[in-house]
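Undergrad: Here are the chains, one letter per residue:
Number of protein chains: 2
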Amino acid sequence: MARPMVLTRPARREPGSIGARFAESARACGIRTSDGELQTWFEDRRRANLFSVDRIPLSGLQGWHEHRHTGNLVHETGRFFTVEGLSARTGPGPDDGWMQPIIHQPEIGVLGIVVKEFDGVLHLLMQAKMEPGNVGLVQLSPTVQATRSNYVGAHRGRGITHLEYFAEPGRARVLVDVLQSEQGSWFLHKRNRNMVVEALDEVPEHPDFRWLTLAQVHEMLRQDNRINMDARSVLSCIPFEGADDACDWDEYRETLRRGLRDDLPTRHRDADNLLWLTDIKARAELHQRLVPLRSVRGWHRDEDAIRHDEGRFFEVMAVNVRAENREVSAWTQPLIAPTGQGMAAFLARPVDGVLHLLVQAKVEAGVRDVAELAPTYQALPSNFADLPAHRRPRFENEVLNAPAATMRYDSAQSEEGGRFHHAINNYRVIDVGTGFPLDEPPGFRWMTPRQLMSLLTHSYYVNVQARSLLAGLQTTW
Amino acid sequence: MARPMVLTRPARREPGSIGARFAESARACGIRTSDGELQTWFEDRRRANLFSVDRIPLSGLQGWHEHRHTGNLVHETGRFFTVEGLSARTGPGPDDGWMQPIIHQPEIGVLGIVVKEFDGVLHLLMQAKMEPGNVGLVQLSPTVQATRSNYVGAHRGRGITHLEYFAEPGRARVLVDVLQSEQGSWFLHKRNRNMVVEALDEVPEHPDFRWLTLAQVHEMLRQDNRINMDARSVLSCIPFEGADDACDWDEYRETLRRGLRDDLPTRHRDADNLLWLTDIKARAELHQRLVPLRSVRGWHRDEDAIRHDEGRFFEVMAVNVRAENREVSAWTQPLIAPTGQGMAAFLARPVDGVLHLLVQAKVEAGVRDVAELAPTYQALPSNFADLPAHRRPRFENEVLNAPAATMRYDSAQSEEGGRFHHAINNYRVIDVGTGFPLDEPPGFRWMTPRQLMSLLTHSYYVNVQARSLLAGLQTTW
Numbered sequence: 001m002a003r004p005m006v007l008t009r010p011a012r013r014e015p016g017s018i019g020a021r022f023a024e025s026a027r028a029c030g031i032r033t034s035d036g037e038l039q040t041w042f043e044d045r046r047r048a049n050l051f052s053v054d055r056i057p058l059s060g061l062q063g064w065h066e067h068r069h070t071g072n073l074v075h076e077t078g079r080f081f082t083v084e085g086l087s088a089r090t091g092p093g094p095d096d097g098w099m100q101p102i103i104h105q106p107e108i109g110v111l112g113i114v115v116k117e118f119d120g121v122l123h124l125l126m127q128a129k130m131e132p133g134n135v136g137l138v139q140l141s142p143t144v145q146a147t148r149s150n151y152v153g154a155h156r157g158r159g160i161t162h163l164e165y166f167a168e169p170g171r172a173r174v175l176v177d178v179l180q181s182e183q184g185s186w187f188l189h190k191r192n193r194n195m196v197v198e199a200l201d202e203v204p205e206h207p208d209f210r211w212l213t214l215a216q217v218h219e220m221l222r223q224d225n226r227i228n229m230d231a232r233s234v235l236s237c238i239p240f241e242g243a244d245d246a247c248d249w250d251e252y253r254e255t256l257r258r259g260l261r262d263d264l265p266t267r268h269r270d271a272d273n274l275l276w277l278t279d280i281k282a283r284a285e286l287h288q289r290l291v292p293l294r295s296v297r298g299w300h301r302d303e304d305a306i307r308h309d310e311g312r313f314f315e316v317m318a319v320n321v322r323a324e325n326r327e328v329s330a331w332t333q334p335l336i337a338p339t340g341q342g343m344a345a346f347l348a349r350p351v352d353g354v355l356h357l358l359v360q361a362k363v364e365a366g367v368r369d370v371a372e373l374a375p376t377y378q379a380l381p382s383n384f385a386d387l388p389a390h391r392r393p394r395f396e397n398e399v400l401n402a403p404a405a406t407m408r409y410d411s412a413q414s415e416e417g418g419r420f421h422h423a424i425n426n427y428r429v430i431d432v433g434t435g436f437p438l439d440e441p442p443g444f445r446w447m448t449p450r451q452l453m454s455l456l457t458h459s460y461y462v463n464v465q466a467r468s469l470l471a472g473l474q475t476t477w
Numbered sequence: 001m002a003r004p005m006v007l008t009r010p011a012r013r014e015p016g017s018i019g020a021r022f023a024e025s026a027r028a029c030g031i032r033t034s035d036g037e038l039q040t041w042f043e044d045r046r047r048a049n050l051f052s053v054d055r056i057p058l059s060g061l062q063g064w065h066e067h068r069h070t071g072n073l074v075h076e077t078g079r080f081f082t083v084e085g086l087s088a089r090t091g092p093g094p095d096d097g098w099m100q101p102i103i104h105q106p107e108i109g110v111l112g113i114v115v116k117e118f119d120g121v122l123h124l125l126m127q128a129k130m131e132p133g134n135v136g137l138v139q140l141s142p143t144v145q146a147t148r149s150n151y152v153g154a155h156r157g158r159g160i161t162h163l164e165y166f167a168e169p170g171r172a173r174v175l176v177d178v179l180q181s182e183q184g185s186w187f188l189h190k191r192n193r194n195m196v197v198e199a200l201d202e203v204p205e206h207p208d209f210r211w212l213t214l215a216q217v218h219e220m221l222r223q224d225n226r227i228n229m230d231a232r233s234v235l236s237c238i239p240f241e242g243a244d245d246a247c248d249w250d251e252y253r254e255t256l257r258r259g260l261r262d263d264l265p266t267r268h269r270d271a272d273n274l275l276w277l278t279d280i281k282a283r284a285e286l287h288q289r290l291v292p293l294r295s296v297r298g299w300h301r302d303e304d305a306i307r308h309d310e311g312r313f314f315e316v317m318a319v320n321v322r323a324e325n326r327e328v329s330a331w332t333q334p335l336i337a338p339t340g341q342g343m344a345a346f347l348a349r350p351v352d353g354v355l356h357l358l359v360q361a362k363v364e365a366g367v368r369d370v371a372e373l374a375p376t377y378q379a380l381p382s383n384f385a386d387l388p389a390h391r392r393p394r395f396e397n398e399v400l401n402a403p404a405a406t407m408r409y410d411s412a413q414s415e416e417g418g419r420f421h422h423a424i425n426n427y428r429v430i431d432v433g434t435g436f437p438l439d440e441p442p443g444f445r446w447m448t449p450r451q452l453m454s455l456l457t458h459s460y461y462v463n464v465q466a467r468s469l470l471a472g473l474q475t476t477w
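If you read the protein sequences in the order shown, they are chains A and B.
For the first sequence, my numbering begins at 1 and goes up steadily by one.
For the second sequence, my numbering begins at 1 and goes up steadily by one.
Just chain A, with the same shape it has in the complex (with noise of 0.2 Å):
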């Protein structure tokens, strides 16, 4: 291809950035807690916790129910979240509308996780920490995850661990604080705040939590089902650089190492890329309007669950939830569950040595503003199973029947467990090398992960799974 590439600002690396810290410790072996120490305590954190989640009938909610008028499914304290009815339209005609079940909860949590140098190299506080719908129940979650009511007002803090570091002005320095955004098929503009933030005084031990090297995340983050949602969210906002000094680095590795940096060239130019996407909100049409549960069309609602009538995309489920060591010991709570095993991978290659993920500009039911930069191919396959080709997600083929010395990163990672039920996605990143086309479908474009990464600081222009790849794609540098 004979497009000329661009180069977009001059070099400007900091020697003792936050981004050259998290590369250190990308490389550091664990000081607080060796790899065996970390296996030993997680499985142990599995086994010690002994929560039961049980599928119940829907009308075995306890504090559920359903609105009088609406059919929303509501918690008798107005708390939580809510499901209920959406409208969503992306253009006059008859197939451009639909209607579904959706999750509101208009609030702002915090995902934080607390960080802080042992012998010159940060370390992760990470907490093993129950989700019901998480694969495994317990996973490597953020050091904090809580609500707005938990960090606002009189009783901030109390009753969760480390909150304080979050809560309080001048415990720790922050890092990253910006709002992202969660799934848009299964959430109304729902979103929470991504905090790294550095303690400036002794954390307190405890054996729900352990401090932990990026490279000891990393590799936990290489197999299945062990790092949450929120965290691999959190860890994608991290202002994370390639180092200079690598040496008897594979291929793939270079050219990685070259797409974390800001001073090489590029397919296009960072604002060009918001102009192409400023193009691509403003001619998809997305309305959007919440209406009653018990008015959606398509959907039906039987003894155990709240499906659509072939059977596609998701159910609303209820669960009962025993955790026999919380105060609160039993709980009862409404979960998404997909009907099916998700795929979300970006296809990958150098220019000019620089490597570039295939990024897409996908239109969501619930997203707040239209489209959100997306991996090259985001799908539940099953719900395309039985349409012909034209009709199936772009490069289906390419993804699905990727071989396996292509995949950089490939591993199943469940979506947020207190809201889905067994959500996997695999996530892929699949190098597809310089012999693939360049070409750019409408509604595609090649970037690098540094300018996808400089738009984290910003929100709502990367959405979560292309977060959980920019998490994995860290992995294998």
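Misleading hints may appear alongside valid ones.
Chain B regions said to be covered by chain A (calculated; three or more residues, Cβ under 8 Å) [as the list claims (entries may be wrong)]:
(1) 69 to 76
(2) 274 to 280
(3) 294 to 308
Listed next, the in silico DMTMM-like pairs over lysine to aspartate or glutamate satisfying Cα-Cα at most 25 Å (straight line) [said to hold, decoys possible]:
(4) B:116 - B:54
(5) B:116 - A:279
(6) B:116 - A:272
(7) A:116 - B:251
(8) A:116 - B:279
Now the stretches of chain A that chain B is said to cover, found in silico as 3 or more residues with beta-carbon under 8 Å [unchecked claim]:
(9) 172 to 180
(10) 269 to 276
(11) 392 to 406
Hints listed in this document are in silico derivations from the structure and should not be mistaken for laboratory results.
Note that the coordinates shown come from a computational prediction; the quantities given were computed from them, not determined experimentally.
We put the CB at the ideal spot given by N, CA and C, even for glycine.
Mind docking chain B on chain A? Use the hints.
TA: Same frame as chain A, now just chain B:
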């Protein structure tokens, strides 16, 4: 004050950059249109366009009706906009919630200015356009104001002069293209596409359009009610730079010039401003829900308008518009009419010789994401006249009683005349000088004009009143 200043980033000034080219245009006499011709043409347009706008009873609206179930004001075609009810809540307390009428218009329109060089100087193609709610009716507008249905689909561009430069690829080079919000008190989640494009070929002449230098536009913007809101919004998004080679300037202009540069110390780093805003958004709750207009408490409908029970805020009224030189020669429509004249002002002062503005993170009923950056003071003073001092907006005294000599910018401007009737704000930039305290009450922060302008490459950071003031500020250098 002893707090340290921080240096944000190295200089990167490029002589041929877009910002530098607009700075050049801001000093250039009109080449295509002399100042005298401009005045003659503008007055002629005001005279030639014999529109009459008359208030009518709400029941006199034609094509508009009250929706049977909701009482919402809707057009029979489903086009244009609707007036609905909004239930807003900023906290759990009884005084934290309110209801109000609100304009709902989810479509994204284009506000676009075509620019072109004549004799090496950029000129802006401005339109003399009538809008029924404008003071003076005809004001200078962007080249194009178009709805989404105008610029997508089979008939794109037809009937709207010069729309092809925005709708057809290859006709122009895109310099600016970003979605920006509009009045959060009166619109729910409204935004438009702010564009500046440079024409690549000859642009046909048209009696309603003139090529003006930025200097000429600035001169009009220093007068009352000459430049419409859409034009002010687009002007604020231009990456305007201060010139380097100024001489015999007064001290204020020198501090402003320095406040437009990106290589000088600022009170806060750009990245820290974003962290500050995230914190505010996460702590200041805002829950929004559309409700039937009929169910809005605290408002009532009479023959002439929908009004607040205490006569505050605004009313929804109706007008009959007769436009003698149009295909559609008459129409009726609802408009929102505020109950008094508004005020939007930035307090400004140099900090170490660099002009800073006191920016407010303001929560408004209809904003897309809790809060946006707003002027120091933005209110209808009459809404607060009978309240005790501690319940009135901050800095009211400094703004309303500012000495004339401190006002660097002071003009009355109309808000969007297609939706608002004589909605006039006094826009002021008040130079309070180095004696003014640098304290920052909660929700306020000193930022340079350049810091605000750099956020205008992204959406929904800077609200429309602050953008009008930034456009006004640029006229003062």
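Undergrad: Look at each hint and say if it fits the structure.
TA: Each hint tested on the structure:
no.	hint	in the structure
1	69 to 76	violated (count 0)
2	274 to 280	holds (count 4)
3	294 to 308	violated (count 0)
4	B:116 - B:54	violated (39 Å)
5	B:116 - A:279	holds (22 Å)
6	B:116 - A:272	holds (20 Å)
7	A:116 - B:251	violated (46 Å)
8	A:116 - B:279	holds (22 Å)
9	172 to 180	holds (count 4)
10	269 to 276	holds (count 3)
11	392 to 406	violated (count 0)
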